[in-house]
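Those protein sequences? They're chains G and L, same order as listed.
Residues 4 to 110 (our numbering) are what the first sequence spells out, left to right.
Residues 883 to 999 (our numbering) are what the second sequence spells out, left to right.
Keep in mind that the hints were calculated from the coordinates and are not lab data.
Please read these numbers as outputs of a predicted model, since none were measured by experiment.
Accuracy of the hints is not assured; some may be wrong.
What the hints assert, rightly or not - Lysine-lysine pairs mimicking PhoX-like chemistry, simulated, CA-CA at most 25 angstroms apart:
#1 K30(G) - K946(L)
#2 K110(G) - K946(L)
#3 K106(G) - K926(L)
#4 K926(L) - K48(G)
#5 K30(G) - K110(G)
#6 K926(L) - K97(G)
#7 K946(L) - K97(G)
#8 K27(G) - K895(L)
#9 K48(G) - K110(G)
#10 K926(L) - K42(G)
#11 K48(G) - K106(G)
#12 K926(L) - K30(G)
#13 K48(G) - K27(G)
Claimed, not checked - For the chain G half of the interface with chain L, some residues (derived, Cβ under 7 angstroms), not all of them:
#14 Y13
#15 A15
#16 A37
#17 P43
#18 Y47
#19 L49
#20 Y52
#21 G69
#22 F86
#23 Y95
#24 P98
By construction, the Cβ of each residue, glycine as well, lies at the ideal position given by its N, Cα and C atoms.
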Amino acid sequence: DVQMTQSLSYLAASPGESVSISCKASKSISNYLAWYQQKPGEAYKLLIYSGSTLQSGTPSRFSGSGSGTDFTLTIRSLEPEDFGLYYCQQYYEKPYTFGAGTKLELK
Amino acid sequence: EVQLQESGPGLVKPSQSLSLTCSVTGYSITSNYWGWIRKFPGNKMEWMGYISYSGSTSYNPSLKSRISITRDTSKNQFFLQLNSVTTEDTATYYCARRRRVPLFDYWGQGVMVTVSS
Chain G
4 DVQMTQSLSY LAASPGESVS ISCKASKSIS NYLAWYQQKP GEAYKLLIYS
54 GSTLQSGTPS RFSGSGSGTD FTLTIRSLEP EDFGLYYCQQ YYEKPYTFGA
104 GTKLELK
Chain L
883 EVQLQESGPG LVKPSQSLSL TCSVTGYSIT SNYWGWIRKF PGNKMEWMGY
933 ISYSGSTSYN PSLKSRISIT RDTSKNQFFL QLNSVTTEDT ATYYCARRRR
983 VPLFDYWGQG VMVTVSS
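Go ahead and model the full structure; you've got the sequences and the hints to work with.
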């Protein structure tokens, strides 16, 4: 199975700051990488796919980069609604696998 | 708008079967793919499997001998059955719509299932 590693399990930041969340695959997955956001009491939201393509409705302050094994989700100028859990997922091959999640909390 | 809602018992005894229902509104399950994903305590997530628009299924090999995903198109519902559960199956279970590309673009709110005697 492709192991997805999110090195930071927890990240504290303030509104207005920019943050980056990393995700590393155990083998090359090309750009078959998605990012999801989960907030308490809400359904998961698909933010980005193909490594860098914004899902319809995702604010432009979100961006994704990377290919191969190393990927980054960047949130520019954090808004209060951005705090929550972020997961990466590879869909290069089955079984589809997720990172362990990075919790973005208010500093 | 596509909406998914999981339902089922919140407590299952070890060695028994876990059965969950996902009710879909706003979209027919005879299109796209429909999957189950779970999140364990501690936030680890696992893709469990999916059923396609045609009724074919695909499962995570780690579960292959215990899992079954079926559907009732007349009710626009699909189902998860996980046999011989242990305490390791305690998790929040989510149903989700999978696109043709294996992304999950609509999710249910999740249902917490505890396996305990």
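Consistency of the hints with the structure:
The suggested pairing of K30(G) with K946(L) holds, with an alpha-carbon distance near 24 angstroms, which does not exceed 25 angstroms. Of the supplied pair hints, the one linking K110(G) and K946(L) is violated, its CA atoms being roughly 43 angstroms apart against a limit of 25 angstroms. A C-alpha spacing of about 12 angstroms is found between K106(G) and K926(L), which places the hinted pair at or below 25 angstroms, so the restraint holds. For a cut-off of 25 angstroms, the pair hint linking K926(L) to K48(G) stands: about 17 angstroms separates their Cα positions.
Taking the CA atoms of K30(G) and K110(G), the gap is about 34 angstroms. The hint is violated against a cut of 25 angstroms. Restraint check for K926(L) and K97(G): the C-alpha separation of about 17 angstroms stays at or below 25 angstroms, so the hint holds. Distance restraint check for K946(L) and K97(G): the Cα-Cα separation of roughly 13 angstroms lies within the 25 angstroms cut-off, and the hinted pair is therefore satisfied. Only pairs whose Cα atoms come within 25 angstroms are accepted, and K27(G) paired with K895(L) is rejected, the gap being roughly 37 angstroms.
Proposed proximity of K48(G) and K110(G) is supported: the alpha carbons are some 23 angstroms apart, at most 25 angstroms. Taking the CA atoms of K926(L) and K42(G), the gap is near 15 angstroms; set against the 25 angstroms cutoff, the hint holds. Taken as a hint, the K48(G) and K106(G) pair is honoured in the structure, with Cα atoms around 15 angstroms apart against an allowance of 25 angstroms. Pair hint K926(L) plus K30(G) holds up; C-alpha atoms about 20 angstroms apart against a cutoff of 25 angstroms.
Pair hint K48(G) plus K27(G) holds up; C-alpha atoms about 21 angstroms apart against a cutoff of 25 angstroms. For Y13(G), the suggested interface contact is broken, since its CB lies about 11 angstroms from the closest CB of chain L, more than 7 angstroms. Taking 7 angstroms as the C-beta contact cut-off toward chain L, the hint placing A15(G) at the interface is violated, the least distance being around 17 angstroms. At a threshold of 7 angstroms, the smallest CB-CB gap from A37(G) to chain L is about 5 angstroms, leaving the interface hint in force.
A least Cβ separation of about 11 angstroms between P43(G) and chain L goes past the 7 angstroms threshold, and the interface hint is therefore violated. Hint on Y47(G) holds. Least Cβ distance to chain L is approximately 4 angstroms, under the 7 angstroms limit. At its closest, the beta carbon of L49(G) sits 5 angstroms from a beta carbon of chain L; the interface hint therefore holds under the 7 angstroms criterion. Because the closest C-beta pair between Y52(G) and chain L is about 5 angstroms apart, less than 7 angstroms, the hint holds.
A cut of 7 angstroms between beta carbons decides the hint on G69(G): the least distance to chain L is about 17 angstroms, and the hint is violated. The closest approach between the C-beta of F86(G) and any C-beta of chain L is roughly 15 angstroms, which is over the 7 angstroms cut-off, so the hint fails. Annotation: interface hint on Y95(G) violated; nearest CB of chain L at approximately 9 angstroms, more than 7 angstroms. A hinted interface residue such as P98(G) counts as satisfied when its beta carbon comes closer than 7 angstroms to some beta carbon of chain L; here the least separation is about 4 angstroms, so the hint holds.
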